[in-house]
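Here's the letter readout for the chains.
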Amino acid sequence: EVQVVESGGDLVKSGESLRLSCVGSGFTFTSYSMHWVRQAPGKGLEWVSSISSSSSYIFYADSVKGRFTISRDNAKNSLYLQMNSLRAEDTAIYYCVRSFDYWGRGTLVTVSS
Amino acid sequence: QAVVAQEPSLTVSPGGTVTLTCGSSTGDVSTGHYPAWFQQKPGQAPTTLISETSNKHSRTPARFSGSLLGGTAALTLSGAQPEDEADYYCLLLHSGARVFGGGTKLTVL
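Respectively, the protein sequence lines represent chains E and P. Under my numbering, the first residue of the first sequence is numbered 1, with each subsequent residue one higher. Under my numbering, the first residue of the second sequence is numbered 1, with each subsequent residue one higher.
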């Protein structure tokens, strides 16, 4: 069974940093692009960042460019999102998504101002 | 980045048919935008219905179909069921970046 499981969400203060992790199982992790998508409370989905299977291609939403860094460790079947200079508007559930076909349950990031 | 437009809300009768659309501020939507559709029910993570315009996920009910329609991507639900009441989001690829639409709240009533 394909699974992606996020972790690392927490309550932090504005300006602080946080690292999210996502572990994939039930599939060949090295064969798939991976993505982070977030959803602020009561709002719609917002694409955050994408990384290709070999990390050759990386893209960011304008809203996080320069503050967030996506990476992956294929040996550990893991995806990461390093979030720096966090703002109140980064408060959201962060979803890890495999090739936009399988979604994790999400991890909550709350940034207090 | 581009803006992706969806109907904010739609209502369909049980057993009825409804089409949700997804348009781009940059022009006509094509297969090159790799349109995808997702369903989200309250308190749950999204699930994928359609990828690459019309490819159904293994768990997508047969009553859902994806297409291109009049310059937009379209999701058609034929034979709506009460359990189809949910928020629906489309996603388009724009030069490496992805853009979600604002979502359509579908009511089955």
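Bear in mind the hints are in silico, worked out from the structure with no lab data behind them. Worth double-checking, as some hints may not be accurate.
To be verified - The calculated SDA-like cross-link candidates involving lysine to any residue, where the alpha carbons are at most 25 Å apart (straight line), are: (1) P:Lys41 x E:Lys65; (2) E:Lys43 x P:Thr76; (3) P:Lys56 x E:Thr110; (4) P:Lys41 x E:Thr110; (5) E:Lys65 x P:Lys56.
Which hint numbers doesn't this structure obey?
-> 1, 3, 5
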